[in-house]
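K.L.:
Each chain is listed here by its residues.
2 protein chains.
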Amino acid sequence: MSLYDSSFPQMARMLGQVPVWFDKAEAYAEQKKFNPEELLTARLAPDQWPLRRQVQVVIAWPLRLRAVLLGEEPPKPETGDETIKDLRARAGRTLEQVKTLGPEQFQGAEDRTIPLAFMPGKGMRGADFVFQFALPNFYFHATTAYSILRHNGIDVGKLDFIGALDLRDL
Amino acid sequence: MSLYDSSFPQMARMLGQVPVWFDKAEAYAEQKKFNPEELLTARLAPDQWPLRRQVQVVIAWPLRLRAVLLGEEPPKPETGDETIKDLRARAGRTLEQVKTLGPEQFQGAEDRTIPLAFMPGKGMRGADFVFQFALPNFYFHATTAYSILRHNGIDVGKLDFIGALDLRDL
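Chains as they are written, first to last, in the numbering used here: chain A, 408 to 577; chain B, 408 to 577.
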């Protein structure tokens, strides 16, 4: 058990589901004859980030988490007008980078103090940052992206969110 | 770092946010002169579980996880027509039970094989069950509950989802 085990592998799995969501969105758009890019501006409330930004945040989290746990400056998050094709490509590139990470890089990170950019003068213990902040935020935006699609008629199901499970025979 | 550390404390924090969501829902219902119980039947898609069931699943997860990690039969999930008052009370009772748990009870649970009720003959390694299934599902239903409220005009914000953070001075 390490901080790595409890964060990056599952973040990688979730990144791998992003194209699955877009596959279903594009199939539905094709069937209903609308431009699937319109979905990127959909939201569940007028003062909420739209789908594009939700997916951008999901993609940003793993490398942000890697950086702050290693005491590095996190990459500047992408907030531009990316297309579905752009988001697919960036999710794929990020996934490849996350796959190169391993538990040995994060040894000791659970006790490192992570400064909070949005709360000057304050920080969190590395493990607290992962469990109280990074993972809840990551899942929050992933589920919101999923919910925006679901609310717009796309036939995504919970298995498209969860992805494949590592099973054992009993 | 233990399987306990990466699951139950944050599940407890999230249970502690459930009354905060209902506080805001009831305040909004009062202001708009509607019965807040109506929100319990709201959903984001016609074939999705409504708010009541989403909250029931959130409340059920911590004790379900406790049971399966200890090799016990999980408690039968509550699926009846609970009111907001009922859900508040049950979230509170569950929170008290989760607070009595500790890491020592779950030693070795990461390697225990957890049978999957929905996939006869198959199981998952304890740690995989927590990271690939329990936590994504827990956050999925918590975020969906939040999103249903947000979509219905309730002024919940991300901090109501995340809750208080354990901070350190830098």
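Calculated directly from the structure, the hints in this document are not laboratory data.
Treat the hints with care, since some could be wrong.
Partial selection, computed: residues in chain A whose CB lies under 8 Å from chain B [as the list claims (entries may be wrong)]: (1) Arg-497; (2) Gly-530; (3) Asp-535; (4) Leu-572.
For every residue, glycine included, the Cβ atom is placed at its ideal position computed from N, Cα and C.
K.L.:
Taking 8 Å as the limit, does the beta-carbon of Asp-535 (chain A) come near enough to a beta-carbon in chain B?
P.N.:
With Cβ-Cβ at 5 Å, under 8 Å, it holds.
K.L.:
So, as I understand it, the hint says Arg-497 (chain A) touches chain B; can you test that by seeing if any CB pair is closer than 8 Å?
P.N.:
22 Å, violated
K.L.:
When the nearest CB of chain B is found for Gly-530 (chain A), is that gap smaller than 8 Å?
P.N.:
5 Å, holds
K.L.:
Would you settle whether the hint for Leu-572 (chain A) is holds or violated, based on the nearest Cβ-Cβ distance to chain B being less than 8 Å?
P.N.:
At 5 Å from the nearest chain B Cβ, Leu-572 (chain A) passes the 8 Å test, so the hint holds.
In summary, the one numbered hint that this structure violates is 1.
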